[in-house]
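Q: Sequence:
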Amino acid sequence: MRLIDTKNLPSDTVQLARIDFSENSGEHFLLFRREETLIILNKYPAQPWKLRDKWIDTDEAGYNLSQLELPIKALSWIIKTIENDFWKKPSEGGLPRDALHVDNVIENEDLRIRFTPNCGAENVKGLTIKNYSRKGKGRDWQEMQLPYSLLREDGMLDLLKKVNLQYQDATL
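Residue numbers 1 to 172, in our numbering, belong to the letters of the sequence shown in order.
Do not rely on the hints blindly, as some may be mistaken.
Unchecked claim - Straight line, CA to CA, 20 Å or less: simulated SDA-like cross-link-like pairs of lysine to any residue:
{"no.": "1", "residue 1": "Lys-80", "residue 2": "Tyr-63"}
{"no.": "2", "residue 1": "Lys-73", "residue 2": "Glu-109"}
{"no.": "3", "residue 1": "Lys-137", "residue 2": "Asp-5"}
{"no.": "4", "residue 1": "Lys-162", "residue 2": "Arg-33"}
Claimed, not checked - Just the calculated beta-carbon pair ranges, DEER-fashion:
{"no.": "5", "residue 1": "Gln-168", "residue 2": "Lys-88", "range": "16 to 26 Å"}
{"no.": "6", "residue 1": "Lys-50", "residue 2": "Arg-139", "range": "20 to 30 Å"}
{"no.": "7", "residue 1": "Lys-137", "residue 2": "Arg-52", "range": "33 to 43 Å"}
{"no.": "8", "residue 1": "Thr-58", "residue 2": "Gln-168", "range": "12 to 22 Å"}
{"no.": "9", "residue 1": "Arg-2", "residue 2": "Gly-62", "range": "15 to 25 Å"}
{"no.": "10", "residue 1": "Leu-100", "residue 2": "Gly-62", "range": "32 to 42 Å"}
{"no.": "11", "residue 1": "Ala-61", "residue 2": "Val-14", "range": "35 to 45 Å"}
{"no.": "12", "residue 1": "Ser-76", "residue 2": "Glu-153", "range": "16 to 26 Å"}
{"no.": "13", "residue 1": "Asn-104", "residue 2": "Pro-48", "range": "23 to 33 Å"}
{"no.": "14", "residue 1": "Leu-165", "residue 2": "Lys-50", "range": "40 to 50 Å"}
Simulated from the structure, these hints should not be mistaken for lab results. Source: prediction; values computed, not measured. We put the CB at the ideal spot given by N, CA and C, even for glycine.
Please construct the entire structure, taking both the sequences and the accompanying hints into account.
A: Below, the structure is given as structure tokens:
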């Protein structure tokens, strides 16, 4: 996987939006489109650190990056799954209490949305979106953790809805 260089975007990549994460000063999420791919990039403050006498540098000066790529057509499924499966009670049509994830294959890519009780920090509830069809940084898959506060209060879910609507209307 090639992480997006936010200071030198490739010509085929367009930045769609940025959301500051209110729970962690300096952390933000960026949305990009590259052809039919949606890229969610999490950029968070970090410093080089030492591991077994070797310095590990940051992905960008002062920041580490986490990146998830998925078919842009998956957006409508992601939105529906969050709102109808995870945020509704079983009595309202949501997932059964013992169901922690929902899987789907979209554009031949294996995707999963999973409830995460420690989403980025201890006792912070949220969701993790995984793409098992694309290799990530140090993993055989890509994933992005989205705390509920980011989705609700910070407006990430509304932003995803807006991007999806623009995509559906061919105005993106």
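Q: Honestly, which of those hints from before does the structure not fit?
A: Going through the list in order, the structure violates hints 1, 7, 8, 11, 13 and respects the others.
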